[in-house]
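Colleague: Sequence:
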Amino acid sequence: MKKQLREINKQDITNNEVAIALCQFANQHLIPVALSKGICHLYGLSSEKLLAFLSHDPYMGISMQEISDVQQDFYAFMQSEEVICENQFRIKLPAEKDYCLMQVQGEKVLCEGQEMILFWMTTLSLKRLKELDQQRRLDIPMKSTSYCLLNVDSRYNSVTGLPNMPYFYELADAGIKALFQADKTPVLLAFNLIGFSHFNVSYSYSEGNKLLKAFANLLRKYFGIENCGHFNEDEFYAFTEDTDLDKRLDSFIQECQSINGGKSLNVRIGVYDSANLPYDDIASSCSLVKSACNYERSAKSHVTYFSKDNQHDLELENYVLKNFDRALKEGWIEPFYQPIVRILNGQTGNWEALARWRVPDKGILMNEQFVPILDRAGILYKMDLYMVDRVIADLKTMQAQGSEDIAISVNLFSSEFEQYNMADEIVSRFEASGLDKELLVIEISNDIRNLNSEKVKDQIEIFHRHGFSVWVDSFGEGYSSISIMKDDLPISCVKFDASFITDDNFDRSKKVLKKMIELAEELGIDTVVGGVENAKQLLTLREIGCSAAQGYYFGQPLPFAKAFSTWVKGPNANVEQLAESNYYNSIGMMSLEKPQFIEPIQDHFLTFEQPDMIFDRYFKGTPLGFLEYRDGKLHYLRGNEGYTQYLLSCGSVTQEDLEAHPFATEMKNVGKQLYLELDRWIKEEYWENHKTEWHYGVHSYPNGLYVEGYQRLMSYNPYTNAYAIVDVLTSYNANQVYQQKHDLGKTAAFNLNTDQYRDLPIPFVTVSPIYDHKRVVDMQYVYVNQAYSEIIGFGREELLGNLISLFHQNDELAFWMKELLAAKNGQSHSGIMQRNDGHWYEYVIAPASVPDAYSFAMINIDDQKQKEQEIQQKQNTTSEILRISEILNVEGNDFKQSIQKGLAKLGEDLQADRVSLMETSGNSAKNAYSWHKVGLADVKDKQQHLSFDSGFGIEEFAVEDSYLLTDPGQIKEAFPEIIASSPADYHLKNVLLAPFYERGTVRGFIMVENFNLDLSLDFTNLIELVSDFFGSKITGRRLEKQRDTDVLTGLNDRHPYFAKLKHYQKSKNSKEIGIIYMDLNGLKEANDKFGHEAGDNLLIKASKFITQYFSRKMVYRVGGDEFVVLDDRNPRDVFEKDYQAFLKAMTEPDAPSISVGSVWCEDSHQLEGCVEEADRSMQRSKEAYYQTHKRYR
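If you're matching positions, the sequence shown starts at 0 in numbering that gives the first Met the number 0 and goes up one per residue.
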């Protein structure tokens, strides 16, 4: 049943001091009808000027990044059955220099018999938009901006805000016909930015978005906001009249060069000016003008008019669409297969199925020639379901011939999810085949701009739930989005476009690709790069950590029979066995920046601990590689660029070796000692203890290179009896400092008398243990260098020969003795320590050449530790902000409950004594909500009238967005009333506070008392963002109250009335409720005879009369002259007594005339039916009234 709409008078709007606007929604446009004084004041314009501006552009001043979302939301709202909507966005008002945040609530109402929208508007914090932007980047959940608008299709492109393809078809069809009827010649235009894919790769997708938005703005300027369309990627359209067209297009091309701060592209333009345009199908016309646009492939800006010469593309499209069904039926379309090769071993476990169309007697059409045509026609899903059936048949053929190790991927365009329920259909077909789900991989094209992302997510979840791997295809091609990786979707693999390795600006593309692969690895997502054509490209992919590759270097796409005989059963077959997959996955999915060791679950995997501090210390930019030890030889499997350079520099491999054997390159010049150590690790750690450890080592090479690093066994391949090793190099080709450290690490002899370590910039010391019955009780300085004496604070002469206990506290002495004992077995030992002076050091201890002496080398790492602490602080702060935001936005919690829980969470996590939400009014404040630690007195009631005249003034917030006070004198001076209202034994030690705003004015602040300053949190950032959250909640509540209150009478209006009905309908418990339905007699007559002012006075009089007998909280104005009383507080006898008193009072001479109907509802679950019964009773009363009253009295 459609909800009834509230009736309003236009006159009630114009004189209102609240910022409200009444708008019509006609022909897909918002048209302002009436504006209040409040909204004119908000915009800083007169009523006439603001009405003119908003009539021309109702979205005036809204941020370009958000305008399309706002347009979509309001359009979707008008198409829905919902009565209420909410939104918030950034807007630059005419009277302001900067953007502010505007919150809008809208309601569908009736005015003069027409359905319209009434908007309430308020601006939020003008001061901290940067923090709000940061909050959005952290994905902190905010109050839903359009909760009633979900699942409604968009009509505007989400990037540019221009109409998308279906909506543009509607607009263009009507607009072209209107131009023709006005005796003007219409033309259709198509636009394409030349080199946009390259622009995305070179400058980033974010920069590509900026260019698209700037180009869309230019189209709006030249052709009008509703005369343009954005279909996908850089494909734009417009319609206009032909007057001065060439001159306008020349001007357009010239101005296009300067948009986006000069970071622009050339543009190709197609023109279709056929006399048949007003009669043609608009979709067909767009195809024609697009063929003209794409006909000339010049890199310079140009305009091409449609003619027969550029009709080839159209003819191909006609052929494809005409013969498509026949091609499926007769098998002209068939899958060709191309291998996807794992870079670690050069073997394939996956093929990609690529569609080919055999045109009888003419040759083969490639998939890029006909797939886009089918996609535009909305029938691509038919071909892809056909391809799935063909793949199933080929997989069964392989199984029948004894091969079960190849998985095949099929391609789906994201647009197909709108055309058909692809996930359910493919799952059904594959389950019916009886094949293992691991044998089919779903590749989804990463181009989702015109889709509701929820559809994509739902389809991916269905595939995943049924056991299929889902890959993202074409990442980096044209317009693709990184968001599909951040949405916590079950994506197994990301497939990068070939443009990353074939681009002219390869160095830049390589950097972009490297970072994207690192991101995927951190998220546990595998990576593939297509388009590999030579060994150099393959080696680059190995260096940056890519897992697999595809391209003509490994083989061109082949039909099934030939693919099977070549890659599975032929002499060059190289299929990865399933038994090896886990082994290679464990290596391939490790980051080349910082591998994450996890608890494995397979039988042949070791149990690894978390990365130790040595590894953690050296992850950034460190040479790191993965080696394989097999048949007594070492092979290089994969590593980052630094590790490859290391192997080349020490002669372990040559460039020729790498290119000749890019998958597993045999290493030369490996010392026998390393092989002996490997055999020992395998025997002792893998087979006996089943637990591996990091091994420190220093190796020298004939060319004078010294290398320090750590190695560890990683995993075992039972199929080939091979062991994987991770090798982390901490230094090589080092300077003097590290050369000396290497000498120490390999226990090289040194002569103390030469004092060669004196001027080393790192602390270096040699000590000898002091024994008491074989127990080490102290240590004696044998040698110290200058750097060590400086950090200790004593001269070298004072230290030499003396006991360490004279200069170190007991805990530090105990630490050093413990480390010394760890090195007494002849091995070096290393770690990280913090001295009592607060400084952090990495240290190495090893036996010295002097008998029973040990040398320490120390490197200061304060900067590293500070960065780690800053990162931890940011993470803790973000987590705290998220937790409080979630609490404030929990659905089902009432307003007060949310505020109290949010304050409690803030107080408990900050280990505070009190947290208060103060609301301000003028130069005073009151404690509106508060939390305090258990055991403390509640002082809220004593803080209801706090003055800013003394101490901390409200003007202080104009200087800073937050304050942290820890000085007792400052606190006493700033908060005398807070201190005075607290118990005598309560001492204010620190205070943290930040304001929240409404329309640029401070409306309150959050105040935290006596919290733990030692917590690892960014207190100012935390309190400022959290204060904004609380402020938004308060403002939202104020707007709700304003919305829920009838402007004229001050009673509850329809919103709380319907909410009350809904509440009792869903409530588990039943309740008895008294109902009175009222209708004010004579209102229409009063309006007609004496004017609306008299009618308003009559309504006000009636409301005052009603509330004399019933609490205002129980009375609702539900229509123009209708009121309802819902008494859910009193028993029946009290209700009946009040009702009889009310009826009696209506007989008095000055009482208003009201028709009434009353019902006592014994079961609140039936409340709606009881209200209808009371309404019918009232109608009978009203009919009786008009039998004797013909006019207003």
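Hints are computed from structural coordinates only; laboratory data are not their basis. We put the CB at the ideal spot given by N, CA and C, even for glycine. Please note that the accuracy of each hint is not assured.
[Claimed, not checked] Here are the simulated DSSO-like pairs of lysine-lysine, each with C-alpha atoms no more than 27 angstroms apart in a straight line: (1) 667 to 682; (2) 1088 to 1065; (3) 212 to 514; (4) 381 to 436; (5) 454 to 395; (6) 209 to 514; (7) 299 to 212; (8) 900 to 817; (9) 299 to 381; (10) 988 to 904; (11) 988 to 1059; (12) 107 to 925; (13) 48 to 220; (14) 91 to 1032; (15) 1083 to 1143; (16) 107 to 941; (17) 1061 to 1143; (18) 321 to 299; (19) 667 to 9; (20) 535 to 510; (21) 48 to 36; (22) 568 to 395; (23) 509 to 209; (24) 988 to 1088; (25) 361 to 561; (26) 535 to 632; (27) 632 to 561; (28) 246 to 212; (29) 220 to 246; (30) 209 to 183.
[Claimed, not checked] Simulated restraints, written as ranges between beta carbons of each label pair: (31) 17 to 273: 45 to 55 angstroms; (32) 14 to 277: 43 to 53 angstroms; (33) 1061 to 272: 32 to 42 angstroms; (34) 14 to 872: 21 to 31 angstroms; (35) 552 to 277: 45 to 55 angstroms; (36) 183 to 16: 45 to 55 angstroms.
Colleague: Hint by hint, say whether it matches the structure.
Modeller: For each hint, the structure was consulted:
{"no.": "1", "hint": "667 to 682", "in the structure": "holds (24 angstroms)"}
{"no.": "2", "hint": "1088 to 1065", "in the structure": "violated (45 angstroms)"}
{"no.": "3", "hint": "212 to 514", "in the structure": "holds (26 angstroms)"}
{"no.": "4", "hint": "381 to 436", "in the structure": "holds (22 angstroms)"}
{"no.": "5", "hint": "454 to 395", "in the structure": "violated (31 angstroms)"}
{"no.": "6", "hint": "209 to 514", "in the structure": "holds (21 angstroms)"}
{"no.": "7", "hint": "299 to 212", "in the structure": "holds (21 angstroms)"}
{"no.": "8", "hint": "900 to 817", "in the structure": "violated (49 angstroms)"}
{"no.": "9", "hint": "299 to 381", "in the structure": "violated (39 angstroms)"}
{"no.": "10", "hint": "988 to 904", "in the structure": "holds (21 angstroms)"}
{"no.": "11", "hint": "988 to 1059", "in the structure": "violated (47 angstroms)"}
{"no.": "12", "hint": "107 to 925", "in the structure": "violated (36 angstroms)"}
{"no.": "13", "hint": "48 to 220", "in the structure": "holds (21 angstroms)"}
{"no.": "14", "hint": "91 to 1032", "in the structure": "holds (23 angstroms)"}
{"no.": "15", "hint": "1083 to 1143", "in the structure": "holds (25 angstroms)"}
{"no.": "16", "hint": "107 to 941", "in the structure": "violated (43 angstroms)"}
{"no.": "17", "hint": "1061 to 1143", "in the structure": "violated (32 angstroms)"}
{"no.": "18", "hint": "321 to 299", "in the structure": "violated (35 angstroms)"}
{"no.": "19", "hint": "667 to 9", "in the structure": "violated (89 angstroms)"}
{"no.": "20", "hint": "535 to 510", "in the structure": "holds (16 angstroms)"}
{"no.": "21", "hint": "48 to 36", "in the structure": "holds (13 angstroms)"}
{"no.": "22", "hint": "568 to 395", "in the structure": "holds (16 angstroms)"}
{"no.": "23", "hint": "509 to 209", "in the structure": "holds (23 angstroms)"}
{"no.": "24", "hint": "988 to 1088", "in the structure": "violated (70 angstroms)"}
{"no.": "25", "hint": "361 to 561", "in the structure": "holds (21 angstroms)"}
{"no.": "26", "hint": "535 to 632", "in the structure": "holds (25 angstroms)"}
{"no.": "27", "hint": "632 to 561", "in the structure": "violated (36 angstroms)"}
{"no.": "28", "hint": "246 to 212", "in the structure": "holds (24 angstroms)"}
{"no.": "29", "hint": "220 to 246", "in the structure": "holds (15 angstroms)"}
{"no.": "30", "hint": "209 to 183", "in the structure": "violated (35 angstroms)"}
{"no.": "31", "hint": "17 to 273: 45 to 55 angstroms", "in the structure": "holds (54 angstroms)"}
{"no.": "32", "hint": "14 to 277: 43 to 53 angstroms", "in the structure": "holds (48 angstroms)"}
{"no.": "33", "hint": "1061 to 272: 32 to 42 angstroms", "in the structure": "violated (57 angstroms)"}
{"no.": "34", "hint": "14 to 872: 21 to 31 angstroms", "in the structure": "violated (52 angstroms)"}
{"no.": "35", "hint": "552 to 277: 45 to 55 angstroms", "in the structure": "holds (53 angstroms)"}
{"no.": "36", "hint": "183 to 16: 45 to 55 angstroms", "in the structure": "holds (47 angstroms)"}
Hint violations for this structure: numbers 2, 5, 8, 9, 11, 12, 16, 17, 18, 19, 24, 27, 30, 33 and 34, all remaining hints satisfied.
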